[in-house]
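Asker: Below, each chain spelled out in residue letters.
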Amino acid sequence: MRPARAPRAVRSSGRLLHIDAALERIQDRRPSELPELLDTGDLLVLNDAATLPASLRGTVAASAGSAEIELRLLAREPDGSWRAVAFGAGDWTTPTEHRPAPPRLAEGAQLTLGELRARVEAVSALSPRLWRVRFEQEGARFWSALYHSGRPVQYSYLSRALELWDVQTLYGAQPWAVEAPSAGYPLDAELLLALRRRGVVLAGITHAAGLSATGDGALDAALPLEERTLVPESTVVAIAQARAAGRRIVAVGTSVVRALEGRALAGGGELSAGESSTSLLLGPGYRRKVVDGLLTGMHDPSESHYALLQAFAPRSLLERAQAQAEAWGYLGHEFGDACLIAGAPAVLSP
Amino acid sequence: MPVNDKAVLVTGASRGLGRALFRELARAGARVVGVARDRAAIEAVAGELSAQGFSAHGLAADVGAQGDIYPIAGAAAALVGPIDVLVHNASSLGPTPLPLLLDTACEDFARVLQVNLLGPFRLSKIIVGNMLLRGQGLVLHVSSDAATSAYPRWGAYGVSKAALDHLARIWAAELADSGVRFLSIDPGEMDTAMHAAALPEADPASLARPEQVAARIVRFLQTEPAASGQRFEAAQLEAS
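Chains as they are written, first to last, in my numbering: chain H, 1 to 350; chain S, 351 to 590.
One or more hints might be untrue.
[Said to hold, decoys possible] List time: in silico DMTMM-like cross-link candidates among lysine to aspartate or glutamate, alpha-carbon distance up to 25 Å:
#1 H:Lys-289 <-> H:Glu-190
#2 S:Lys-475 <-> H:Glu-163
#3 S:Lys-475 <-> H:Glu-226
#4 S:Lys-475 <-> H:Glu-24
#5 H:Lys-289 <-> H:Glu-107
[As the list claims (entries may be wrong)] Just some of the chain H residues that point at chain S, by a computed CB distance under 7 Å:
#6 Gln-137
#7 Ala-140
#8 Ser-144
#9 Gly-204
#10 Ala-327
Treat the hints as calculated values from the structure; they're not laboratory data.
C-beta: ideal position from N, C-alpha, C; glycine also.
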């Protein structure tokens, strides 16, 4: 599928592929038609993580003098350090798999990244590109310097450098995501208010969506790594109410599916409020415990997200949908078109 | 709405009414981020509150600079969580002594609008979407009597504040019944550096203390469930 190469000027201006698993029906719709594709009382769960400027360029002091690097933040650790993936010289215009590796470092190496100073605390056994770093600045000074030094993470299929506002949903707040929870891109205020008028209930979780690709084989095979999730009490209550009323729970984005299903699995099938990490991977035959449907982007069979889709619809139907969408001229990747998969209902008991 | 444990962002928080609101809200138990251009000044206010055991962070940024808006919103949410109360207090008079409109440079007029009107709009645009999702939140626009009275020489400032008042009303109309409220408050004449710059001949003894006005505003926010879209004058609020 051809990638969309730039952000849309109008959020809801793309197309919406509606896949009904029960009816095995595929339709070409618009995001503005979402209210009529959902019912009063259905619950839409959104990932309200804002997207960080997680790409930092700078230099590292190496044995042969200083070397250029790009550091892509992956996740903040509870102790305040960060996991990050390092690249050698260059930027997003080069495909990640063609990027040179960063210099081999000893622990303790010093990084200068714009206004930020950091120290490499550990190099992972999984890959020499995966580092744990600690920034010198703390609190307000750290966040301020990060926002002034970082750029959004992006990939080589895009036609221009992204600004921070290009990678935010309408409703993001806490900056936890290093790549945007882009399934929410089509939701503008017009659409959210129309959904409300329809009686669709909106609820949020916060999930620290990580990097989708690093160009390093060993590391890419291990993605997605553990990601942090916060499920508020109000969302647990909204899910219980929708379920009790026989309504559907629709996740906006694969990150919301991972967050809710991961947390329910950890709770023995019971969803509770709180913060935790999940490394759950869903695939064909996975018995969903919370989520009935999924609003997401267009995912190629080569992407890891594609396996997750098969927890909602059989591969044969997804392949037919993919071919149909190609024929209709749908665009892929984060700024591309959208897809609503209405799956068979989730099964509460494990 | 009790502000205890609420996440609050106050702009223009290193001096005058903004500083007094920063202190008053932190003392009332809110987790507050104060923003101002002068790093030393805003860090000093935040440091003083932190040392007293209150939750306060000082962020150096310019509300009138487009490139500073995401850093403000992102850093604030990282420090105190999703913002529950946003106070648009920062404002610029433009050049002083205040010039007549015919003597006002267009660039100075534009700069006043950047700080007093576009900055608040940009910041609200980032923060209000999440309030809408959560079905709760308050955005407070700090206004002025120059928004309603056409005082000579207060052209850029008065126009910006009149527009800011109207901005709050339109936000309120569009997001009616969403749980997100927009209010404007005219604090009245106060003994501040801004007032001295605008009217150097005024007798400070005749002016309200910003600390008293801030206390009154915070008490009002905590006790009155004011309907969205309304405008208030601090002098007419119940004395605290």
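Asker: It remains to establish, for every hint, whether it holds in the given structure.
Answerer: Here is what the structure says about each hint:
1. Distance restraint check for Lys-289 of chain H and Glu-190 of chain H: the Cα-Cα separation of roughly 31 Å exceeds the 25 Å cut-off, and the hinted pair is therefore not satisfied.
2. Taken as a hint, the Lys-475 of chain S and Glu-163 of chain H pair is honoured in the structure, with Cα atoms around 16 Å apart against an allowance of 25 Å.
3. Between Lys-475 of chain S and Glu-226 of chain H the CA atoms are separated by roughly 31 Å; this puts the pair beyond 25 Å, and the hint is violated.
4. With a C-alpha separation of about 40 Å, the suggested pair Lys-475 of chain S and Glu-24 of chain H falls outside the 25 Å cut-off, and the hint is violated.
5. For the hint linking Lys-289 of chain H to Glu-107 of chain H, the alpha-carbon distance of about 43 Å lies beyond 25 Å, and the restraint is violated.
6. Taking 7 Å as the C-beta contact cut-off toward chain S, the hint placing Gln-137 of chain H at the interface is violated, the least distance being around 11 Å.
7. Because the closest C-beta pair between Ala-140 of chain H and chain S is about 5 Å apart, less than 7 Å, the hint holds.
8. Because the smallest distance between the Cβ of Ser-144 of chain H and any Cβ of chain S comes to about 5 Å, under 7 Å, the interface hint for this residue holds.
9. Nearest Cβ of chain S to the Cβ of Gly-204 of chain H: about 5 Å, under the 7 Å cut. The hint holds.
10. Given hint, Ala-327 of chain H at the interface with chain S, is violated; its Cβ is 35 Å from that chain's nearest Cβ, farther than 7 Å.
Hints 1, 3, 4, 5, 6 and 10 from the earlier list are contradicted by this structure; the remaining hints agree with it.
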